[in-house]
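Participant: Mind docking chain B on chain A? Use the hints.
Here the protein sequences line up with chains A and B, keeping their order. Just so we're aligned: the first sequence equals residues 1 to 359 in the numbering used here. Just so we're aligned: the second sequence equals residues 1 to 359 in the numbering used here.
Just so you know, the hints here were simulated from the structure itself, not pulled from any lab data. Don't take each hint at face value.
Ranges of calculated distance between the beta carbons of each label pair, as one might list FRET restraints [to be verified]:
no.: 1; chain 1: B; residue 1: E136; chain 2: A; residue 2: S9; range: 47 to 57 Å
no.: 2; chain 1: A; residue 1: K18; chain 2: B; residue 2: G239; range: 23 to 33 Å
no.: 3; chain 1: B; residue 1: K151; chain 2: A; residue 2: K18; range: 13 to 23 Å
no.: 4; chain 1: A; residue 1: I260; chain 2: B; residue 2: K128; range: 48 to 58 Å
no.: 5; chain 1: B; residue 1: D263; chain 2: A; residue 2: R352; range: 50 to 60 Å
no.: 6; chain 1: B; residue 1: G288; chain 2: A; residue 2: I93; range: 43 to 53 Å
no.: 7; chain 1: B; residue 1: K282; chain 2: A; residue 2: E268; range: 41 to 51 Å
no.: 8; chain 1: B; residue 1: E268; chain 2: A; residue 2: N356; range: 27 to 37 Å
no.: 9; chain 1: B; residue 1: K355; chain 2: A; residue 2: N119; range: 33 to 43 Å
no.: 10; chain 1: B; residue 1: N264; chain 2: A; residue 2: K319; range: 34 to 44 Å
no.: 11; chain 1: B; residue 1: S10; chain 2: A; residue 2: S9; range: 57 to 67 Å
Backbone N, C-alpha and C define an ideal beta-carbon position, used for all residues, glycine too.
The primary structure of each chain is shown beneath.
2 protein chains.
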Amino acid sequence: MNITFNYLSSRGKDFFLKVKGKSSIFLCTIAHTETCEIPGISAAGANTDLIKFTAAADVEAIYYGKAKCLAAVPENPLGPPSPVIISIAALNILNIPYFPINAGLKVKPVTPLIEINDNFGKSLEKGKALIEFDFENIFEKVKALAEHISKSFEFVILGESVPGGTTTALALIEAFGYNGFNKICGSMPGNNHDLKINVVKKALKYISNNDEPFEIVKKIADPMQPIQAILSIELAKRGVLVLLAGGTQMVAVATLIKHINSDNSIYENLAISTTKWVTFDKDSDIIGLMENIDLKIPLITSMLNFETSKYENLRLYEKGYVKEGVGAGGLSAVLFNEKGISNSEFLEEIERVYKNIYG
Amino acid sequence: MNITFNYLSSRGKDFFLKVKGKSSIFLCTIAHTETCEIPGISAAGANTDLIKFTAAADVEAIYYGKAKCLAAVPENPLGPPSPVIISIAALNILNIPYFPINAGLKVKPVTPLIEINDNFGKSLEKGKALIEFDFENIFEKVKALAEHISKSFEFVILGESVPGGTTTALALIEAFGYNGFNKICGSMPGNNHDLKINVVKKALKYISNNDEPFEIVKKIADPMQPIQAILSIELAKRGVLVLLAGGTQMVAVATLIKHINSDNSIYENLAISTTKWVTFDKDSDIIGLMENIDLKIPLITSMLNFETSKYENLRLYEKGYVKEGVGAGGLSAVLFNEKGISNSEFLEEIERVYKNIYG
Numbered sequence: 001m002n003i004t005f006n007y008l009s010s011r012g013k014d015f016f017l018k019v020k021g022k023s024s025i026f027l028c029t030i031a032h033t034e035t036c037e038i039p040g041i042s043a044a045g046a047n048t049d050l051i052k053f054t055a056a057a058d059v060e061a062i063y064y065g066k067a068k069c070l071a072a073v074p075e076n077p078l079g080p081p082s083p084v085i086i087s088i089a090a091l092n093i094l095n096i097p098y099f100p101i102n103a104g105l106k107v108k109p110v111t112p113l114i115e116i117n118d119n120f121g122k123s124l125e126k127g128k129a130l131i132e133f134d135f136e137n138i139f140e141k142v143k144a145l146a147e148h149i150s151k152s153f154e155f156v157i158l159g160e161s162v163p164g165g166t167t168t169a170l171a172l173i174e175a176f177g178y179n180g181f182n183k184i185c186g187s188m189p190g191n192n193h194d195l196k197i198n199v200v201k202k203a204l205k206y207i208s209n210n211d212e213p214f215e216i217v218k219k220i221a222d223p224m225q226p227i228q229a230i231l232s233i234e235l236a237k238r239g240v241l242v243l244l245a246g247g248t249q250m251v252a253v254a255t256l257i258k259h260i261n262s263d264n265s266i267y268e269n270l271a272i273s274t275t276k277w278v279t280f281d282k283d284s285d286i287i288g289l290m291e292n293i294d295l296k297i298p299l300i301t302s303m304l305n306f307e308t309s310k311y312e313n314l315r316l317y318e319k320g321y322v323k324e325g326v327g328a329g330g331l332s333a334v335l336f337n338e339k340g341i342s343n344s345e346f347l348e349e350i351e352r353v354y355k356n357i358y359g
Numbered sequence: 001m002n003i004t005f006n007y008l009s010s011r012g013k014d015f016f017l018k019v020k021g022k023s024s025i026f027l028c029t030i031a032h033t034e035t036c037e038i039p040g041i042s043a044a045g046a047n048t049d050l051i052k053f054t055a056a057a058d059v060e061a062i063y064y065g066k067a068k069c070l071a072a073v074p075e076n077p078l079g080p081p082s083p084v085i086i087s088i089a090a091l092n093i094l095n096i097p098y099f100p101i102n103a104g105l106k107v108k109p110v111t112p113l114i115e116i117n118d119n120f121g122k123s124l125e126k127g128k129a130l131i132e133f134d135f136e137n138i139f140e141k142v143k144a145l146a147e148h149i150s151k152s153f154e155f156v157i158l159g160e161s162v163p164g165g166t167t168t169a170l171a172l173i174e175a176f177g178y179n180g181f182n183k184i185c186g187s188m189p190g191n192n193h194d195l196k197i198n199v200v201k202k203a204l205k206y207i208s209n210n211d212e213p214f215e216i217v218k219k220i221a222d223p224m225q226p227i228q229a230i231l232s233i234e235l236a237k238r239g240v241l242v243l244l245a246g247g248t249q250m251v252a253v254a255t256l257i258k259h260i261n262s263d264n265s266i267y268e269n270l271a272i273s274t275t276k277w278v279t280f281d282k283d284s285d286i287i288g289l290m291e292n293i294d295l296k297i298p299l300i301t302s303m304l305n306f307e308t309s310k311y312e313n314l315r316l317y318e319k320g321y322v323k324e325g326v327g328a329g330g331l332s333a334v335l336f337n338e339k340g341i342s343n344s345e346f347l348e349e350i351e352r353v354y355k356n357i358y359g
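Chain A with its partners taken away, still in its complex shape (with noise of 0.2 Å):
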């Protein structure tokens, strides 16, 4: 049992049938937004001053097995590595293309880079996040690359690493009027609630009843949350399969979906999927969150388990660290299901990337 479907769950089965065999590609967004300079709210870099680093570090990490903008892959603090290190081993067995979409960057990675947009968010608190973003220009691009990404892809797997994603994340649901407080997931045990809350509620005060989607996005979102939105809805409408892969944060991503998509027919294209560490997190509330927003897609999650790992770092996973993210949750469950390999034998290849990466 290495997979679960745990909302909407025949419509997941389903999609997972529809998905294997397909040829696939691993798009992973990455953006830097102000947001996660507030003192406390990632534990995605290894100090604040490297935290603009993570992103392109992580992507970096994917190409070559090691960053290049660091000296190394950044790791919380506290010791469990960066996600990155499943996403890797998963994309060595899947063998399946992948590129990072630039949505928004402090510092870009040195590797091929797709890029849709130049300019990082700012920090939600004072309301005007991406009020200087051109969507026009943007939203062109996104479907250019829907576009020509459909011509030869019939899956698209939509990562993300976004520092400080979760905390944009809960405010993008509860400028939408959802309830979200207490709900979202985060890179630490306990997730940090009380920080995070506090600093939502500042952003929530720009946002006023009558506020168009876009005008929620450019107060209080992050880069990649608009462009995958858009993205993930440009491919769907050209038949392409799309996996949200990542936890809360993809929720926020599907709430925005609902928000702007008129088209009911693209949801049989959409499924989210994230780690056992997300959906069972007992800190948070991702199916909870899911029946709330009343969202028309489903949850699938990897049952990836480190228990039985050589690493205490990697055992800290089932304590609640890190949880999530650059896709790990999505593209370990599309492993399990293309390959229906096992836990041990995943485990030990993501082993040997640890120890490659970490030393």
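Facilitator: Frame of chain A, contents of chain B only:
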């Protein structure tokens, strides 16, 4: 007879047999070199102020059927439209995905863009054209790009849009010790040899006999040439068939490949393809040039003919204006090879595109 095989013809025929039905992608490497700002060097932009927009406008037109960074797609001041209309028409029928690669631009297109390098080239006149380029990082990116493209595509068509690129082509060929004077093509009748020779002679003063290939590149190349050469080698090594879609500019790329590659097995995966306006141009000599350099790469020619066009500005192609660019020759040869359509069917689609873009 819509395709002819002109140099190493049996290898060219084999190559075109092998590419039939393969999973294909068109990648267009675009770059700016200040060499094109030397008065008289380029006719690619309507005037020298607009030249820096040319490459961006070309790739925008492929995505959107019109330029976005400019009010119109640049045209030769004498009337004939950009060869991008041929590329667009061919891609419309081939229905393969396309992405531009940024090798170093002054103006970026409003399109998805695979970022490999972000600074443009200086003029070759001072012998410091690419002196600031970080080739170690650039080549690492190109290798990663090739690796991931090769996971999904068996055939890659590589185009270019580099205003002033025939002058840097001449410089590179001469710097490697081959006689290119009066053999290089260009975007106007007669090809403006005297001016190009004059400019290139200034650059050649900086070349010494014991320069390593990449010292030569740093002194007098444009940014497209080294990136295209390494990309071709890295793709071909991985068994991908690579068509260098262009005229004498691609001969320069092939010359660089010859001088940096030690693996003879890559040559069975490489070919150059251009238009008949280049191959049979009376004022240049691509076949003689390839023989001289003793290239191991065949030349394939699209016999696309505009004689019967209802538009005067298209018929100007038959008088030596424009000739090639944005992969036009290679894409049309591939179209003839793949779909077996007639010249008049193809011309009809080109005229439709021309009318849409230029009104």
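Participant: Does the Cβ distance between N264 (chain B) and K319 (chain A) fall inside 34 to 44 Å?
Facilitator: With Cβ atoms ~56 Å apart, the hint is violated.
Participant: Is the gap between the beta carbons of K282 (chain B) and E268 (chain A) within 41 to 51 Å?
Facilitator: For K282 (chain B) and E268 (chain A) the Cβ distance comes to about 59 Å; the hint is violated.
Participant: For the pair E268 (chain B) and N356 (chain A), does the Cβ-Cβ distance stay inside 27 to 37 Å?
Facilitator: Distance hint for E268 (chain B), N356 (chain A) holds at roughly 34 Å.
Participant: Take the C-beta atom of D263 (chain B) and the C-beta atom of R352 (chain A), compute their distance, and say whether it sits inside 50 to 60 Å.
Facilitator: violated, 29 Å
Participant: Are K18 (chain A) and G239 (chain B) spaced within 23 to 33 Å by their CB atoms?
Facilitator: holds, 30 Å
Participant: State, for the Cβ atoms of S10 (chain B) and S9 (chain A), whether the hinted interval 57 to 67 Å holds or is violated.
Facilitator: holds, 59 Å
Participant: Is 43 to 53 Å right for how far apart the beta carbons of G288 (chain B) and I93 (chain A) are?
Facilitator: holds, 51 Å
Participant: Please test the hint of 13 to 23 Å on the beta carbon pair from K151 (chain B) and K18 (chain A).
Facilitator: holds, 21 Å
Participant: Could you see if the CB distance from K355 (chain B) to N119 (chain A) stays within 33 to 43 Å?
Facilitator: Given a distance of about 37 Å, which is inside 33 to 43 Å, the answer is holds.
Participant: Indicate whether the distance between the beta carbons of E136 (chain B) and S9 (chain A) respects the range 47 to 57 Å.
Facilitator: holds, 50 Å
Participant: Is it true that the C-beta distance of I260 (chain A) to K128 (chain B) lies inside 48 to 58 Å, as the hint says?
Facilitator: holds, 49 Å
Checked against the numbered hints given earlier, this structure breaks hints 5, 7 and 10; the rest are met.
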